[in-house]
Amino acid sequence: MNLTLLMYLVPSLIMFGCGVYGFLTRKNMIAIMISLELMLNSVDLNFVVFNRYLFPGQMDGMFFTLFAIAIAAAETAVALAIIINVFRVARKVDINELIKLKF
Amino acid sequence: MDYSQFLFMPQEIGLLFVFLLVFIYDTFMPARMGKHLPMFTTILTALYTVYAFFPCPDMFGTAFGGMYESNPATWVMKNILNIGVLIVMLQAVKWTNDDFVSVRRGEFYELILLTLFGMFLMISARHFLLFVIGLETASLPIAALAAFEKRYYESHEAAAKYIFTAVFSSAIFLLGISFVYGMSGSLYFQEIATSIMGIKSPLLILAIAFVIAGVGYKLSLVPFHQWTADVYQGAPTAVTSYLSVISKGAAAFAFMVILVQVFGALYAQVWEWMLYAIIILTITIGNLFAMRQRNLKRFLAYSSISQAGYIMLGVIAASQVGMTSMIYYVLVYIFSNLAAFGVIAVIERATGKVTMDDYNGLFRTNPWLAFTMMLAMFSLGGIPPFAGFFSKFFIFVGACQTGSVAIYVLVFIALVNTIISLYYYLLVVKAMFLRQDDCVIPYIDSHWTEELALTICVMGIIAVGVASGIYAFLNQVTGTIAPMFTMVG
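For the protein sequence lines, the chains are L and R, in the order given. The numbering used here applies: residue 12 is where the first sequence begins, and numbers increase by one. The numbering used here applies: residue 38 is where the second sequence begins, and numbers increase by one.
There could be a bad hint or two in this list.
[Said to hold, decoys possible] Below, a list of computed lysine-lysine pairs in the BS3-like style, where the Cα atoms sit at most 27 Å apart:
| no. | chain 1 | residue 1 | chain 2 | residue 2 |
| --- | --- | --- | --- | --- |
| 1 | L | K113 | R | K72 |
| 2 | R | K237 | R | K467 |
| 3 | R | K467 | L | K103 |
| 4 | L | K103 | R | K187 |
| 5 | R | K72 | L | K111 |
| 6 | L | K113 | R | K237 |
| 7 | R | K131 | R | K187 |
| 8 | L | K111 | R | K187 |
| 9 | R | K390 | R | K467 |
| 10 | R | K467 | R | K187 |
| 11 | L | K113 | L | K103 |
| 12 | R | K187 | L | K38 |
| 13 | L | K111 | L | K38 |
The set of hints was computed from the structure by calculation and includes no laboratory data.
Turn these sequences into a full structure, and let the hints steer you where they fit.
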């Protein structure tokens, strides 16, 4: 079977859309974090596929993906630490309960 | 590898050196020496700021295969950020020696120095990989800084809101870059610009919109501004002032470089109109929401949103004059906003009060604090003898020089908004000077470092506007990168 560029790009964009949907609708902060990971990973897939299919002679996209994975890991680490801190102080992981700061 | 390339980045290397010294001090010095760490860091940063101000010979050029560029404009921008960071550190010396914070005071300074390093990379990057690394280095530690006041729930909530929006925006930004990469096959600014020259594809427009959205979050432009007020209110005041001034100034400069150097050829077709709408929304909504705020940190958050709209006027000019006026605006904005946040920080540290009604009758008990706050408000609002007037004037002139009628309309809307903004800036002045209250804030004996920081800010507010040589100097500096703007069209 021959896989074309589109057969990678469409799932990657669907994945990104799922991430955005999850980010906007989920209430649990851990679930929001998972949605964000989904978005970042779909971007990585984009880079790799573009590199593999359109510019096979170079490695820019692959390198970018490696760095993007590392950055995503750092982001997740910081975000999880903050979620744990919020849970310790407020005993909540529901984003709708974070309402002390408003207008 | 040719190690002499590192000579192109003396400012970054100096900053890393300061960071390492502070880190070693924090880790290995005995605990009783800990209380000297803030002063140690501040003095080291002051020495470094002076050192960085003198350009090394042959420091301008490109390094690492064109990924990194050092030119007079980036040099000046970095020096301006250094001055801002120095003022923030001076303001924080007393706060970091408080009982509840002192355990972690080393981390505050280390993270601030590291985020500054990230901003330097962002300013100098000429390759999207380096830019993204700089952007993340500049934004992730700020989430940790926002959660710094561990005993307050608000601080954690602010950090949670900041990190989620930051990751979301960087995901959108990365998606935009992946489309750009797919179309051009390169991540170098220069190569992308040449390879997308003739392309008019919807994908490219989408990519530009994503890039603007991603950086717009960092700059808190409307409609990407929702996190700003909550984070500014919840985070410790020293962190808020850092976030509102330094991080915004660096992002604005990098934003302009990306838009002009990468997407310059699509100026009139694509991004002029995106920015046009964003600027109108940012200035107006920032102003309208600022009017109804009672908490001064929230108030300054919305004021800084509308100030970001004015900074974007320099970007939409997309010319050398635009860049000069933008750098000048950031310089003035650093002094005026840090003066306002400095006063708020002193009063919050001493009494814990941050709402506007608490400031009633402040002039009678703390005349100097009230006077400084008044100068800061006048400068932010743009009242003539102070620097804020000149920065607004130059940024309007820069935008008007594009000569299109649409931009004239934009500048007119910005002018009307300046008048509206005077209303809420003067509300603070009115509360301090004219209103009376039974429980006025008592006399506050501020620490000498805070006084020094406020004095520097006041001197900046008065002198930067009057000393016309500064604008001429900036104009001369941006003249060296004028070829960058020839491809805007």
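Comparing the hints with the structure gives:
1. K113(L) to K72(R): violated (36 Å)
2. K237(R) to K467(R): Not OK: K237(R) and K467(R) at ~53 Å, beyond 27 Å, violated.
3. K467(R) to K103(L): violated (41 Å)
4. K103(L) to K187(R): Cα-Cα ~16 Å, so holds.
5. K72(R) to K111(L): violated (33 Å)
6. K113(L) to K237(R): violated (43 Å)
7. K131(R) to K187(R): The given pair, whose Cα atoms are some 18 Å apart, holds under the 27 Å limit.
8. K111(L) to K187(R): holds (16 Å)
9. K390(R) to K467(R): Since the Cα atoms of K390(R) and K467(R) sit roughly 18 Å apart, the hinted pair holds (cutoff 27 Å).
10. K467(R) to K187(R): Judged against 27 Å, a Cα distance of about 35 Å means the pair is violated.
11. K113(L) to K103(L): Between K113(L) and K103(L) the Cα gap is close to 18 Å, so the pair holds against 27 Å.
12. K187(R) to K38(L): Satisfied, since the Cα-Cα distance of roughly 24 Å is no more than 27 Å.
13. K111(L) to K38(L): Roughly 16 Å between the alpha carbons, so the hint for K111(L) and K38(L) holds.
In this structure, the hints that do not hold are numbers 1, 2, 3, 5, 6, 10, in rising order.
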